[in-house]
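Number of protein chains: 2
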Amino acid sequence: MSLLVIGSVAFDAIETPFGKTEKIIGGAATYISLSSSYFTKEINLVAVVGDDFPKSKIDFMQKRGIDTTGLQVKAGEKSFFWSGRYHNDMNSRDTLITELNVLENFDPIIPEAYQNCEFLMLGNLTPSTQKLVIDRLKERPRLVVMDTMNFWMEIAMDDLRQTLKMVDILTINDEEARQLSGEYSLVKAARKILTMGPSFLIIKKGEHGALLFHQDEVFFAPALPLEDVFDPTGAGDTFAGGFIGYLASTEDVSFDNMKRAIIYGSVMASFCVEKFGTERLENLSQEEIQARAKEFMKLSQVEMLLV
Amino acid sequence: MSLLVIGSVAFDAIETPFGKTEKIIGGAATYISLSSSYFTKEINLVAVVGDDFPKSKIDFMQKRGIDTTGLQVKAGEKSFFWSGRYHNDMNSRDTLITELNVLENFDPIIPEAYQNCEFLMLGNLTPSTQKLVIDRLKERPRLVVMDTMNFWMEIAMDDLRQTLKMVDILTINDEEARQLSGEYSLVKAARKILTMGPSFLIIKKGEHGALLFHQDEVFFAPALPLEDVFDPTGAGDTFAGGFIGYLASTEDVSFDNMKRAIIYGSVMASFCVEKFGTERLENLSQEEIQARAKEFMKLSQVEMLLV
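So the protein sequences, as listed, match chains W and S. Per my numbering, residue 1 is the first one in the first sequence, and the count goes up by one each step. Per my numbering, residue 1 is the first one in the second sequence, and the count goes up by one each step.
Simulated from the structure, these hints should not be mistaken for laboratory data. Don't take every hint at face value.
The list treats identical chains as interchangeable, and a pair is accepted whether it falls inside one copy or across any two copies.
To be verified - Computed cross-link-like contacts, DSSO-like style, restricted to lysine-lysine with a CA-CA straight-line distance of at most 27 Å: (1) K20 with K275; (2) K74 with K275; (3) K298 with K57; (4) K165 with K20; (5) K131 with K74; (6) K294 with K57.
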């Protein structure tokens, strides 16, 4: 059941119509591992930070059951920093600052104790780094999930194609699916992408939910209609963390179980956007998660007699 | 179980990235009544056309069980005509031509045999005309569903507010819900609109599905992911027709049954967009409808054990 998570652990500074933050912790691997920690306990993190990253936050991750042996802390260097401003509709944002810092020369070293992981979650990073992680695992994990973004499609498409061939599940958003496939229709886009390597494709549509494609099957999970989306940062990573955390905890990678995993991913994402940054993910209870899952079921489930 | 449908019966000329049509039949009441005719048989139509409207199309409606006694044919006048061009994403369109013609002085006369209808579907028309129909019914129908659009919010908001107070269900799209309520969040928008008269609100999100709000409850039905949306014209009206047709056939206006009605509305809309205009709605079989409903269930239903 062990889960290996790789991705950025970083600082973010966020502006939304509801306010703005100072530098707070963020990064794909932070959201993924925090989110998955509500489902499974053997979580191994591979990432890099500078010595400006607060030790208290690393301690907190450990308290949540996340093994940080693989988190490299680079003396005299600074952590990756991203700053952005969301527009009023919360669906689009401007990047204000990107400082790669330690991420520029990130060498993802896999501690020996992390070998033989069953589940691998490749958070958004350069595709070549994601590939390196797979290459460095002596045994291929049972399930490899990869997140990526449009940026890599623009500057590293060849690497991206190489890495795609090695993964089981790709998670991208609708615009990225269109860009990667050259198809506007998501059904056609999915069909093309499923010939590029992954046998499952998750298309994240933000407030419009998520689609899971596999062979000729398709499943859709809605997002919870919320009064306010306070801060969408990390929602996609939180979704991925809930998704793979649930799969790891159940050790069942069937299509039917992936449907449930997508519901749990959506549940976790619905919490994430309620507060700035990782705040809402830091102290959830199992009761809250189960209650939210019931809301999702009420939202989308219907009994019908069909002949 | 009798259903009274009011709205436009008209000509459309449509351009999409897939092609363009000559003048073909369209209009809200045409789509609504054709769609509902697959569910219920006592359908009474109130509308107006000019003598340019093909008698063969009126005959066809009658063959589908639609009573056209209330369809006024104005000698020497022309039918309402709309022409539009869809953009590549199919989510936006430009209106090229709008000729009101007979619709300009439409007086919705209710034939005596149409009195005592149980279900009333007010297709998109001036709000004052919609109100007139309610006023002219000696007994209030069991369920009044009203469709409207942003145009009336801009030029006839007072009339719209008056009419809203008299209906049970309002169907609008997400942008219209935002405009009517002044709220961006659809949850907040729904809460406000539910104080304006209707006790149920359906927000149509096109390819992103539909939401049903009632008191503190909310239900979401996805749209079927399609290879191609050939022509979205009439999809919203077709949805409304399937919705109210199913309710009329089951005579059950509970929230739970409305969920099923929304699935059937979505089923019918998914057929509508497969061909230009009303073409796909003209010869569906019950087997096709049931098979499509099963696809919707597969798409969105999941079994979960929650504690």
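Comparing the hints with the structure gives:
no., hint, result
1, K20 with K275, "within (11 Å within a copy, 48 Å between copies)"
2, K74 with K275, "neither (30 Å within a copy, 60 Å between copies)"
3, K298 with K57, "neither (36 Å within a copy, 42 Å between copies)"
4, K165 with K20, "neither (40 Å within a copy, 41 Å between copies)"
5, K131 with K74, "within (22 Å within a copy, 71 Å between copies)"
6, K294 with K57, "neither (31 Å within a copy, 48 Å between copies)"
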